[in-house]
Amino acid sequence: MTAPASHGTRWRAVPFPPGLGMARFVLARNAAAFRRSWVLLLSGFVEPVFYLFSLGVGLGALIGGVRTDGGALVSYAAFVAPALLAASAMNGAIFDATFNVFFKLKYQRLYDAMLATPVGPRDIAVGEIAWSLVRGGLYSAMFLLVALVAGLVRSWWALLAVPAALLVGLAFGAVAMFTTTFMRSWQDFDYVTLAIQPMFLFSATFFPLSTYPEALQWVVRATPLYHGVVLERALLLGEVGWGLLWHVGYLLVLGVVGVVGTSRRIATLLLT
Amino acid sequence: MRADATQTAPPSGRLQPGPRPAMRLGERVRAATGHHLRVYRRTWRGSVISRFLSPLFFLAAMGLGLGALVDAGSGGVGQQSYLQFVVPGIVAYQAALLGFGDATYPVLGYIKWNRMYAATLATPLGVTDILLGHLSVLAANLAVATAIFVGVSALFGAFASWWVLLAVPVGLLTGLAFAVPTFAISATIETDNVFGILYRFVLTPVLLFSGTFFPLEQLPGWLRPMAWLTPLGHGVVLTRDAALGRWPGPVALVHLLVIVVVIAVGWVLAHRQLTRRLLS
Amino acid sequence: MTDEVLLEARGLTKSFGEFVAVDGIDVLVRRGEAFGFLGPNGAGKSSTMRMVGCVSPVTGGRLRILGLDPAVDGAAIRARLGVCPQQDMLDEDLSVEENLWVYGRFFGLSRREVRARTDELLEFAQLTDRRHDRVEPLSGGMKRRLTIARALVNNPEVLLLDEPTTGLDPQARHVLWDRLYRLKREGVTLIITTHYMDEAEQLCDRLVVMDHGRIVAEGSPRELIEAYSTREVVELRFEDEQQERHLGSVEALAERVEALPDRLLVYTADGDDTLAALHGRGVRPLSALVRRSTLEDVFLHLTGRSLVD
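Chains as they are written, first to last, in this note's numbering: chain A, 1 to 272; chain B, 1 to 280; chain C, 1 to 309.
Just so you know, these hints were derived from the structure itself, not from any lab. Computed from a prediction, not measured in an experiment: that's the story for all the values here. Careful, some of the hints might be misleading.
[What the hints assert, rightly or not] For each label pair, taking beta carbons as the anchor points, the in silico distance ranges come out as:
(1) A:Gly65 - B:Phe156: 25 to 33 Å
(2) A:Gly249 - C:His132: 35 to 43 Å
(3) B:Pro169 - C:His132: 33 to 41 Å
(4) A:Val49 - C:Gly24: 53 to 61 Å
(5) B:Leu223 - A:Gly249: 21 to 29 Å
(6) B:Ile189 - A:Ala113: 24 to 32 Å
From the three backbone atoms N, C-alpha and C, an ideal C-beta is built for every residue, glycine too.
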């Protein structure tokens, strides 16, 4: 940061309010491009609903009640629904931030074209993540509606479930996009799958944390989706306490690290 | 570039000017297979994680984690622990998923992206040889993956009988019942978006409603027939019976027949679509 | 060149539904010839090549390749053909030599034959030092040479080349022409489609000009120039608005004149004479260029100046 020219860049790189500014053009482009593939939009919502009904209804009868880690005894469907909400927020955000971004970065050369305009790297990062959040918010709201109709929502705190899902999406989307900037080929996406799938299966999603031996419980607690699941479950079941803020904090830090890392990487990748 | 005439007479006689000895079916399929094996040798590392680790994760989460809940709640399914109930289902499902996956991007790639299939058809090989060559490597891959999965699950105590070895051919057939029709779809479509849609709207519901995770009796009556529409439902039943060492009676033949018919119909469609696309 | 006919087409037709891509063409190619299909995009060249390559059924007319009917003996014909398609169609996951091995096996060659052939062809294609590299990062010219090497793996009697140098830079084109010229000297029959006139003049003994699925002219490059053009062409450029005014006087002195937006093409037996005569009449162009007539003049004359998509 020695050249005088970079002061200008710095000013633009810290827009106020953060995230607005040029990022909205990135967002608008994505929304316009997406109108043509509405089927995919629909599918992002349909998948968790399939899971909810088959597991909730089919397995629920076999399992009966589940004792949550918070202590309440609830039906299996009520236990699994919040977890599916958090998991689908994660899946959607990661999909957007990895496959889609990689394609644009590597093949479409979309960002190169954008950077030739007044749009800056931070705008791209914020715009991409914001778009991913808009979709995620839409999915979550629809899923919550289904859960409500199915009688799986037990508390007014559930109103916060959508913002909480956005937080989960932000955290995973930002980190995933940061990861994407390091990827060289499609083969690397196998590692993404390798990270997502165990989280999806083991983050107290389908069975409570108490199922694990003590040592493994601490491993699960360290992983990010667990915090999303706990947060959503507490909100939908009304087991709310100050302790939840710890989970919120974890996800926030993750998101900030992701956003900062991504914009730095895009700058080094594209503006050299 | 003429072959050097002073060279010792080449064994195939297929470098000489004039009519050349025709290739037998076996030779043609071996040549097509050779191509895929060579590609596989270069690329298998990239997919080994998703192929082998992810079914194991499923096994651990569903069989052990969820199994603890189910066994506590209702003492398992029928006479079995949930682990023994669910693992054969996952064996069949992962074969279906692998069959589907191997017939999507790789096939579209050879047709549309690197166009190797068009290049292949410029040689004495035909559509049948291409199909047989690709599908036999795909089938070998399915058999190996299923065998490994069965072997590892056995270490968890997931099976009650040695008859579970039959799960390997059943898994192979179930996988083909997804791979061959998917091949026909890949030979028809223009963009790979379709694969995402198929995965979410077809594969996922098929997994969830084919009696993989819970007995079909748990489903509302009107949903149960759905399970029999797809080959997975039939594959799951056969695999589960094999794992228990239980002879299901003549109905087993019906299950097998459904799977084989799906493969056969898929073959006819795949052959027709590939011909239309590349030999018009 | 012998008299043996390797390719015979009579009234050959190809249609896709209503659209007629090839409209009853007659072609004879003899062993050892380099034969060209020349024409703008969409003239029906590639459809013809696909029929000759036995990967596209004939809609109507008669087609014999190496004396065989592609509808009956497709595989036997393909065993003796080499095909170099417009797009490279290489397996980019494999290495350079693996692409040749795999393809050689498609022709039923033994492993030993394939390896021996690979060594020769890599040398021929000047790719020996890249043989272990993956195909994907190779340059366009290298991929093209590899595609041609692959098409030669079965020691074909006829090599079909569909627009072999489209998209290559000038150096790469000349390297390729040199390789093709060698093949011709070795007795391989070449059938080439192109829309490049210089390529047709360089490579072809005989060619047909196709337009809208039909053959509009046939002969050697020299014959075609004689029949459809003059020995020389004078290109005249004028100041704005002047071209129109001089058109009349120019036409009086030439066999034929083509008016392009930016210049006049004056067809004449002797360019210098014509130029002198023009000066005598007081025609003062900004610039004047006398050149020999090329196939391009024939081509533009026959297929019209309008841009064809």
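Hint check:
no., hint, verdict
1, A:Gly65 - B:Phe156: 25 to 33 Å, "27 Å, holds"
2, A:Gly249 - C:His132: 35 to 43 Å, "53 Å, violated"
3, B:Pro169 - C:His132: 33 to 41 Å, "39 Å, holds"
4, A:Val49 - C:Gly24: 53 to 61 Å, "60 Å, holds"
5, B:Leu223 - A:Gly249: 21 to 29 Å, "43 Å, violated"
6, B:Ile189 - A:Ala113: 24 to 32 Å, "28 Å, holds"
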